[in-house]
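Whenever a hint applies, use it, and build me the whole structure from the sequences.
Single-letter residue listing:
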Amino acid sequence: MNRRGLLALASGGVAALALRTRPAAAHGAAAHGPVLIEMRGSARGEHVGFAPLGLAVAPGALLRFVNRDASNSHTATTYHPSLFDRQRRIPAAAAPWDSGLLLPEESFEVTLEAAGVYDCYCQPHEMAGMVLRLVVGRPGDPGWEGAAPPSDDLPEAALAALPSVEAILADGPLMPAGLA
Amino acid sequence: MLIRSLAAAVAVSCAAAFAVPAAAQDADLSKAPPPAPYAAVSSLVELPDFLPGLGTLYVDPETLPAGPFLGYDHDGKLSATIYMVPIADLEAGTAFDDLAVGAPEVTSVDIYYNAGHPGVEEPHAHVVLLHDADAKARLAE
Ligand SMILES: [Cu+2]
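Residue numbers (the numbering used here), protein chains in the order written: chain W, 1 to 180; chain X, 1 to 141.
It is worth saying that the hints were derived from the structure and are not from the lab.
Note that beta-carbon positions come from the ideal geometry of N, C-alpha and C, so glycine has one too.
Heads up, a few of these hints could be off.
Selected chain X positions facing chain W (in silico; Cβ < 10 Å) [claimed, not checked]:
{"hint": "1", "residue": "V45"}
{"hint": "2", "residue": "L47"}
{"hint": "3", "residue": "F50"}
{"hint": "4", "residue": "L51"}
{"hint": "5", "residue": "P52"}
{"hint": "6", "residue": "G53"}
{"hint": "7", "residue": "Y112"}
{"hint": "8", "residue": "Y113"}
{"hint": "9", "residue": "A115"}
{"hint": "10", "residue": "G116"}
{"hint": "11", "residue": "P118"}
{"hint": "12", "residue": "G119"}
{"hint": "13", "residue": "E121"}
{"hint": "14", "residue": "P123"}
{"hint": "15", "residue": "H126"}
{"hint": "16", "residue": "E141"}
Far from chain X, some chain W residues (derived; all Cβ distances over 10 Å) [to be verified]:
{"hint": "17", "residue": "G33"}
{"hint": "18", "residue": "G140"}
{"hint": "19", "residue": "P142"}
Here it is in structure tokens:
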């Protein structure tokens, strides 16, 4: 109870901080409500993943992560030196964020402003390839920073699971295999 | 009198010392919560109290990652003993021998892959010993 209260407070604090970075004139996308990204898992936990695992949004979009996995906890965490000393895989102009562990049906919100590619992972499931690539805006937008190159900072399964920017822009939201 | 009490005290502490490895087997584990050193998994890591398919889990943290994990149904009845065995450890030649069981009667065993969760984050196998014919149904959700 106390533990959950603390977690909720912590997540709420981070989300509020992230929300405060939104400019007064928010982008139109946010006005239609948050973009939903679910953390999912199969009943016995053989497969876990973000749904979608690849997504394009406009700058200023509000994202809401929700853990829909009844038997597991998940995080949405950006690759950044300030978080667990990982190599940066979000635009230099973007602030890093981390949801912390979300219990089933808990959620976390964050607004993305800086144009470019954001790679995120789930802390307990990165080894299992639970990663997410967000494309904010389009190549050529002011300040755009493309995808970070492959690196051995990532486990093989995570690198293999990251969809290409081209596929995300061409095909729309990409759903994970086995978790539809 | 004094000597007898001392002798009794020594006898008790010796018995306790020698009984430690067997205590987990001999203690009454049939009802939740099991005695220390078992602790609720949800108090050790960020996981729900009741895990569908496994129940309300308790583990002696010293035995991680393999366990045994004790799985109780919603009425607090011991229904399963679960082991969590990292695949990489098996591949490296590590064996997990002489693991304790929560109850001697086992009606069936399920073995399946799990991609990881807080507490046992590496990909691993769940070995689930079900202690009665209805256990799986009671642990389902
Ligand atoms: Cu996860």
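Checked hints:
Because the smallest distance between the Cβ of V45 (chain X) and any Cβ of chain W comes to about 8 Å, under 10 Å, the interface hint for this residue holds. Hint status for L47 (chain X): holds, given a least beta-carbon distance of 6 Å to chain W, under 10 Å. For the restraint placing F50 (chain X) at the interface with chain W, the shortest Cβ-Cβ distance is roughly 9 Å, inside the 10 Å limit, so the hint holds. For L51 (chain X), the shortest C-beta to C-beta distance to chain W is roughly 5 Å, which falls under 10 Å, so the interface hint holds.
With 10 Å as the threshold, the beta carbon of P52 (chain X) comes within range of chain W, its nearest partner Cβ sitting at about 5 Å, so the hint holds. Proximity of G53 (chain X) to chain W holds as hinted, the smallest CB-CB distance being about 6 Å (cut-off 10 Å). Because the closest C-beta pair between Y112 (chain X) and chain W is about 5 Å apart, less than 10 Å, the hint holds. The restraint placing Y113 (chain X) at the interface with chain W holds, with a minimum CB-CB distance near 5 Å, inside the 10 Å limit.
Checking A115 (chain X) against chain W: minimum C-beta separation of about 4 Å stays under 10 Å; hint holds. Here the hint on G116 (chain X) is kept, as its CB sits about 5 Å from the closest CB of chain W, short of 10 Å. With 10 Å as the threshold, the beta carbon of P118 (chain X) comes within range of chain W, its nearest partner Cβ sitting at about 5 Å, so the hint holds. With a cut of 10 Å, the hint placing G119 (chain X) at the interface with chain W holds, because the nearest CB-to-CB distance is about 8 Å.
Taking 10 Å as the C-beta contact cut-off toward chain W, the hint placing E121 (chain X) at the interface holds, the least distance being around 5 Å. Interface hint at P123 (chain X): satisfied, since its Cβ lies 6 Å from the closest Cβ of chain W, which is below the 10 Å cut-off. Contact between H126 (chain X) and chain W, as hinted, is supported at the beta carbon level, the nearest pair being about 7 Å apart and thus within 10 Å. For the restraint placing E141 (chain X) at the interface with chain W, the shortest Cβ-Cβ distance is roughly 8 Å, inside the 10 Å limit, so the hint holds.
The beta carbon of G33 (chain W) is kept farther than 10 Å from every beta carbon of chain X, the shortest such distance being approximately 27 Å. Chain X leaves G140 (chain W) outside its interface by the beta-carbon criterion, the shortest separation being 38 Å against a cut-off of 10 Å. For P142 (chain W), the condition that its CB be more than 10 Å from all CB atoms of chain X holds, with the nearest at approximately 39 Å.
Hint compliance for this structure: every hint is met.
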